Amino acid sequence: GAGVSQSPSNKVTEKGKDVELRCDPISGHTALYWYRQRLGQGLEFLIYFQGNSAPDKSGLPSDRFSAERTGESVSTLTIQRTQQEDSAVYLCASRGQGYQPQHFGDGTRLSIL
Amino acid sequence: AQSVTQLDSQVPVFEEAPVELRCNYSSSVSVYLFWYVQYPNQGLQLLLKYLSGSTLVKGINGFEAEFNKSQTSFHLRKPSVHISDTAEYFCAVTPGGGSEKLVFGKGTKLTVNP
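For the protein sequence lines, the chains are A and B, in the order given.
In terms of the working numbering, the first sequence opens at residue 1 and continues consecutively.
In terms of the working numbering, the second sequence opens at residue 1 and continues consecutively.
Please keep in mind that the hints were generated in silico from the structure rather than gathered at the bench.
Only true hints are included.
Below, in silico cross-link-like pairs of lysine to any residue (SDA-like), each with a Cα-Cα straight-line distance of 25 Å or less:
1) B:LYS109 to A:HIS103
2) A:LYS57 to B:TYR32
3) B:LYS106 to A:GLU85
4) B:LYS69 to A:GLY98
5) B:LYS106 to B:GLN2
6) B:LYS106 to A:ILE112
Just so you know, these numbers come straight off a predicted model, no measurement behind them.
Bound conformation, chain B alone (with noise of 0.2 Å):
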């Protein structure tokens, strides 16, 4: 069955320093690659994509993403963050073959102290 390995459950990190979030998934056919953000007591907000194309991925707030095929990993990176980036990260895939439903990673918590 498809998973998804969020490496680091927690990610301090100071204001205006960069940040990786790493991500992983096992899968052998082609899926396509989420980054959602949640916010405390909210539903999850589309950060970025990867269907096809380009394997680097830019999404909303500055945040950017790399899809590696032969390393399986779509990690995600901000060059310099901010206190409001404080919030929950989740990965998530589709596993494909005509499946629907997404495969979310166990999240990755992101503070951003001053």
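In isolation and in its complexed conformation, chain A is listed as follows (with noise of 0.2 Å):
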């Protein structure tokens, strides 16, 4: 079946812009994760959906990134006003149930000019 499905892959604008990366998990998948990927760097967490749960937002570096999720399908992630260091790939991943490993997107990469 199809697999995580992110858009725009590529994403290139100034700064102080705003900026909405798009993520489809697998059909029927209850979990979602965002990550982000700096350059040479592993990755990083930054928020967890689960079904209708309260999100898991530890990893969201500043109060300009949120992310939103309804039920169990397409997640946005926003970054306003963006910044040079929010420059990195991000990518999406989701799960199914039970304890299934996480299958992830092929990312969308920011640029910030």
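Reconstruct the complex from the two isolated chains, following the hints.
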């Protein structure tokens, strides 16, 4: 079946603009995660959604970052007033019921000029 | 806080040679352990996972890893690598205690040379 889909694949924007990144999880997956990967670094956890429970936002680096998810469908990650240090690849992952591994999308490469 | 250490940032090897990519984690509780591979401009693909049971875990593409609780290690091995194994490899752990996020190491860039 279809995997995790992220859009856009690349985004270039000017410092100070807002950006919105989209993630379509695998159908039926109840859990959804956002990670950030800076150049030459591992992945940093940002936020986790599980069904209708309150999301785990413990990884969001500042109040400029927010994310939403409606039910078990699409999620959007929004970065307001972007800064150059926000340049990174933003990866989304989803996971099914029980203890299943996370499945990753190909990411959105965000470049802030 | 949970952390994952990948001791080698880069590992160059020749084709058909064996390879070991090292991973150590810090935890005193039960954890789940994973290795992911990332090819250029792609997302992460699961190579293998350890949840419980046998400490030797076999994954895709001929890779295997051994969970060593006393040494808090989960090293990845392949007896004979191919050019196509050139990629970045990430070790990850879920901290346990109900936490769902993955904590990643910084990655090891494996380069297989002819």
